[in-house]
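Taking the hints into account, I'd like the entire structure generated from these sequences.
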Amino acid sequence: MNIIVSNEIESVCPQFAGAAVEARVVNTPRSEGLWAEIDALCETYKQQFDTTTIKQLPGVEATRRVYRACGKDPSRYRPSSEALIRRVVQGKDLYQIDTLVDLINLASMKFGYSIGGFDADKFEGDTLTLGVGRKDEPYEGIGRGILNIEGMPVYRDSRGGVGTPTSDNERTKIELSTTHLFVIVNGYDGNRETVNANALYIKDLLERFAEGKDIQIIEF
0 MNIIVSNEIE SVCPQFAGAA VEARVVNTPR SEGLWAEIDA LCETYKQQFD TTTIKQLPGV
60 EATRRVYRAC GKDPSRYRPS SEALIRRVVQ GKDLYQIDTL VDLINLASMK FGYSIGGFDA
120 DKFEGDTLTL GVGRKDEPYE GIGRGILNIE GMPVYRDSRG GVGTPTSDNE RTKIELSTTH
180 LFVIVNGYDG NRETVNANAL YIKDLLERFA EGKDIQIIEF
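Residue numbering for the sequence shown is 0 to 219, as defined by numbering that gives the first Met the number 0.
It is possible that some hints are incorrect.
[Claimed, not checked] Heads up, simulated DSSO-like pairs for lysine-lysine below, C-alpha to C-alpha not over 30 angstroms straight-line:
1) LYS109 x LYS212
2) LYS121 x LYS202
3) LYS45 x LYS202
4) LYS54 x LYS202
5) LYS202 x LYS212
6) LYS134 x LYS54
7) LYS212 x LYS121
8) LYS202 x LYS91
9) LYS91 x LYS54
10) LYS45 x LYS109
What the hints contain is simulated information worked out from the structure, not anything from laboratory work. Just so it is clear, the structure is predicted and the values come from calculations on it, not from any experiment.
This is how it looks when you write it as structure tokens:
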């Protein structure tokens, strides 16, 4: 899969650093070992952060800044990493979906980046382009229905939008039957070292909890 960062994004975030992880995997309804790590991180974050200080995490702060630059209110359409950590520090339980989705949520919380997770066999074409959502552009967010993505960073395949920092699209979502995974780490803070560390962490989680094989990391 080729990934292109459009001039629209480069103009508001010239320092953008991204990484993609592609792998063959086995999904399961739940991994107890994975959830032990999720629960441990949640307990740590409850002690370290509140709903105000999580906005100061570099990955969260940078994504919010890009939202504003593109014309989107990040407090109304929260980036997924912020929404996850915010839920934790408010004392709410995280949603348990399946091993692959739960694993991506853990990686997002640990590094503060919004991460897109996709069933790669559902993509149309061989290229993803990161651009900015347009007025009335059709987009169905996972569990959110029709989502207004105008002014929001969005990855598109040849058919249309597949992922934003707020919500990925129903069309390419991960399911229990998913065996070909594609994950994108979005570093709007431009920290290539941390983005790559996040990608390597995802690789490790896939190997330990999802029988990950043929794993490739792509920097862009």
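Going through the hints against the structure:
{"no.": "1", "hint": "LYS109 x LYS212", "in the structure": "holds (23 angstroms)"}
{"no.": "2", "hint": "LYS121 x LYS202", "in the structure": "holds (21 angstroms)"}
{"no.": "3", "hint": "LYS45 x LYS202", "in the structure": "holds (26 angstroms)"}
{"no.": "4", "hint": "LYS54 x LYS202", "in the structure": "holds (27 angstroms)"}
{"no.": "5", "hint": "LYS202 x LYS212", "in the structure": "holds (9 angstroms)"}
{"no.": "6", "hint": "LYS134 x LYS54", "in the structure": "holds (27 angstroms)"}
{"no.": "7", "hint": "LYS212 x LYS121", "in the structure": "holds (19 angstroms)"}
{"no.": "8", "hint": "LYS202 x LYS91", "in the structure": "holds (28 angstroms)"}
{"no.": "9", "hint": "LYS91 x LYS54", "in the structure": "holds (18 angstroms)"}
{"no.": "10", "hint": "LYS45 x LYS109", "in the structure": "holds (13 angstroms)"}
No hint from the list above goes unmet by this structure.
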